[in-house]
Amino acid sequence: MSSYVITGASRGIGVGLAQYPDHTSISDSYIGTVRISTTALNQSSKYRHRPASEATARITGGTLDYLIANGARLPEGSAFVSFGEMGKNPAALEEELIANCKTNVVGNVHLFNLFMPLILNGQQKKVIAISSGHADLDLISKYEIEVTGPYAVGKAATNAVVSKFSAEYAKDGVLFMSISPGVVETGHFNPAELTEKELQIVGALAAKFQTYAPHFQGPMTPEASVKQVISVYEKASLANGDGGSFVSHLGTKQWL
Numbered sequence: 006m007s008s009y010v011i012t013g014a015s016r017g018i019g020v021g022l023a024q025y026p027d028h029t030s031i032s033d034s035y036i037g038t039v040r041i042s043t044t045a046l047n048q049s050s051k052y053r054h055r056p057a058s059e060a061t062a063r064i065t066g067g068t069l070d071y072l073i074a075n076g077a078r079l080p081e082g083s084a085f086v087s088f089g090e091m092g093k094n095p096a097a098l099e100e101e102l103i104a105n106c107k108t109n110v111v112g113n114v115h116l117f118n119l120f121m122p123l124i125l126n127g128q129q130k131k132v133i134a135i136s137s138g139h140a141d142l143d144l145i146s147k148y149e150i151e152v153t154g155p156y157a158v159g160k161a162a163t164n165a166v167v168s169k170f171s172a173e174y175a176k177d178g179v180l181f182m183s184i185s186p187g188v189v190e191t192g193h194f195n196p197a198e199l200t201e202k203e204l205q206i207v208g209a210l211a212a213k214f215q216t217y218a219p220h221f222q223g224p225m226t227p228e229a230s231v232k233q234v235i236s237v238y239e240k241a242s243l244a245n246g247d248g249g250s251f252v253s254h255l256g257t258k259q260w261l
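Using my numbering, read the sequence shown as starting at 6 and increasing by one per residue.
Among the hints, a few may not be true.
[Said to hold, decoys possible] Listed below are the simulated DSBU-like cross-link pairs for lysine-lysine, each with C-alpha atoms no more than 35 Å apart in a straight line:
1. K213 x K107
2. K232 x K258
3. K147 x K213
4. K213 x K240
5. K232 x K107
6. K130 x K169
7. K93 x K176
8. K176 x K202
9. K232 x K93
10. K202 x K107
11. K107 x K93
Since the hints were derived computationally from the structure, they do not count as laboratory data.
Please take these sequences and the hints and turn them into a complete structure.
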């Protein structure tokens with residue numbers, strides 16, 4: 006019986022991971038009991054992660070097999086604008102960058118540190134960060150993906166954090182890796198709520214995605230994405246050279 010901690014399990018991919026067959030979900034508000042114990046918690050600072058790690062230790066007896074860092078600050082105001090456009094309001098740009106990095110980068114550093122004693126006592130010893138194809142520098146440059154800057158910066162920095170932790174803990178048998186879940190329909194952006202300009206930007210981005218991956222037919226369901234992500238990290242190992250890697254839900258550098 007394996008144990009899991011999943012952050013950001015209130016919706017979308019996090020819910021899919023927490024409710025995957027044979028997983029048990031434990032959140033701030035409810036506990037379910039199936040075969041595998043899963044702790045699903047909201048991503049935040051070290052002060053909220055600490056009681057979570059302590060609670061997990063009590064539940065699992067001080068061990069943890071899988072830590073899945075899925076929680077993240079989503080690109081609300083910056084999803085459809087470039088850094089140049091955001092730069093027209095420097096104070097707001099700076100605030101968004103700092104808030105994004107505090108949650109998506111610093112938050113994950115605290116998360117990894119607080120749960121590491123449990124992971125070291127676990128059997129599987131796998132730490133997975135849910136990343137994004139937006140963090141691929143080659144994709145950004147080649148296909149001119151200019152929007153979603155703060156989110157991309159946060160995810161790229163988190164990938165670097167994952168690699169640094171991998172460098173530190175690979176000798177202890179801990180696998181750290183980043184996985185992009187692909188484009189997933191989570192209900193976060195409602196087309197009916199977008200402005201005409203935002204819809205144009207979405208259309209232009211979709212055209213770029215189509216050029217990059219002609220087979221791309223649109224977002225996956227969370228269930229389909231979760232199944233592929235789990236397949237990737239279940240197969241991954243230090244022996245296969247996966248430590249510190251950044252791959253897609255396909256286990257490759259193909260993001261769509």
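Do the hints match the structure? See the list:
1. K213 x K107: holds, 30 Å
2. K232 x K258: holds, 18 Å
3. K147 x K213: Given pair K147, K213 holds - Cα atoms ~10 Å apart, limit 35 Å.
4. K213 x K240: holds, 31 Å
5. K232 x K107: holds, 29 Å
6. K130 x K169: Holds, at roughly 16 Å.
7. K93 x K176: Violated, because 47 Å separates the two Cα atoms, which is more than 35 Å.
8. K176 x K202: violated, 50 Å
9. K232 x K93: violated, 42 Å
10. K202 x K107: Holds, because 29 Å separates the two Cα atoms, which is no more than 35 Å.
11. K107 x K93: holds, 23 Å
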